[in-house]
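Visitor: Sequence:
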Amino acid sequence: AAQARARGIEIYAVGVQRADVGSLRAMASPPLDEHVFLVESFDLIQEFGLQFQGRLCGKDLCAEGGHGCQHQCVSTPGTFHCACNPGYQLAADNKSCLVVDHCSFGNHSCQHECVSTFGGPQCYCREGHDLLPDGRSCQARDLCNGVDHGCEFQCVSEGLSYRCLCPEGQQLQADGKSCNRCREGHVDLVLLVDGSKSVRPQNFELVKRFVNQIVDFLDVSPEGTRVGLVQFSSRVRTEFPLGRYGTAAEVKQAVLAVEYMERGTMTGL
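Under this note's numbering, the first residue of the sequence shown carries the number 203, and numbering increases by one thereafter.
You may find that some hints are simply not true.
[What the hints assert, rightly or not] Here are the in silico distance ranges between beta carbons for each label pair: (1) 274 with 225: 35 to 41 Å; (2) 222 with 411: 22 to 28 Å; (3) 248 with 452: 20 to 26 Å; (4) 341 with 243: 40 to 46 Å; (5) 225 with 291: 38 to 44 Å; (6) 297 with 246: 20 to 26 Å.
Hints were generated in silico from the structure; no laboratory data involved.
The C-beta atom is built at its ideal place from N, Cα and C for all residues, glycine as well.
All chains should be modelled from the sequences, with the hints used to inform the complete structure.
Guide: So, in structure tokens, the structure goes:
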């Protein structure tokens with residue numbers, strides 16, 4: 203790892219369950235708080251993959267929209283959280299902001315949802331509905347069928363508004379409508395996975411799915427991103443080198459075909 207860092211290679215260290223944090227920190231690139239991650243279980247590794255995609259692709263999740271924060275969205279590497287204006291507090295859904303819960307009085311008469319405001323209860327409708335002039339009733343509506351939304355791939359109605367979605371492996375561009383992959387230009391990415399016996403076969407399959415989740419967000423091509431995969435256990439085995447596969451589909455197929463070594467652990471530290 204030290205030799206790799208000395209050559210300018212950026213190393214992210216991801217441990218699962220009872221991984222040795224000291225070993226992870228010894229392998230990773232500085233700053234360690236941005237390159238060392240510990241996932242509680244293999245069942246959560248795919249959920250962590252979404253955050254790791256954000257770090258790899260440098261996405262601002264607040265800027266992409268769809269975060270649902272009522273007042274403020276605060277972006278952090280790989281994720282985001284909602285915040286409220288002064289005088290408000292974050293509600294249980296971690297998105298809405300409440301002052302006094304007028305809705306708990308039980309006399310708001312809202313057909314769908316009631317939100318407390320300074321002036322009293324305010325009625326809101328669920329996704330795909332409009333609030334009627336009486337301020338309480340809701341009527342079904344699909345903005346995607348009624349406006350020229352301009353979404354390149356898919357339009358999704360959200361109450362009184364809509365947002366654009368992109369297919370798996372692509373991300374929404376700054377215009378909020380176009381889709382593209384997160385990487386452009388030449389990038390070499392080598393993924394190192396643990397094949398030791400302690401990982402267990404079913405968890406190793408989850409790791410392979412996690413690897414393919416990262417590949418989905420890369421522009422894999424001879425002129426774009428080249429991907430390699432190495433597995434280590436009691437020895438190191440190159441599953442496939444950089445440049446062997448020229449498309450994301452080929453890389454994902456090769457990852458699924460990787461056989462679990464299931465031997466001892468040797469990190470070389």
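Visitor: Next step is simple, just say for each hint if it's right about the structure.
Guide: Hints, one by one, checked against the model:
no.: 1; hint: 274 with 225: 35 to 41 Å; result: holds (39 Å)
no.: 2; hint: 222 with 411: 22 to 28 Å; result: holds (24 Å)
no.: 3; hint: 248 with 452: 20 to 26 Å; result: holds (22 Å)
no.: 4; hint: 341 with 243: 40 to 46 Å; result: holds (44 Å)
no.: 5; hint: 225 with 291: 38 to 44 Å; result: holds (41 Å)
no.: 6; hint: 297 with 246: 20 to 26 Å; result: holds (22 Å)
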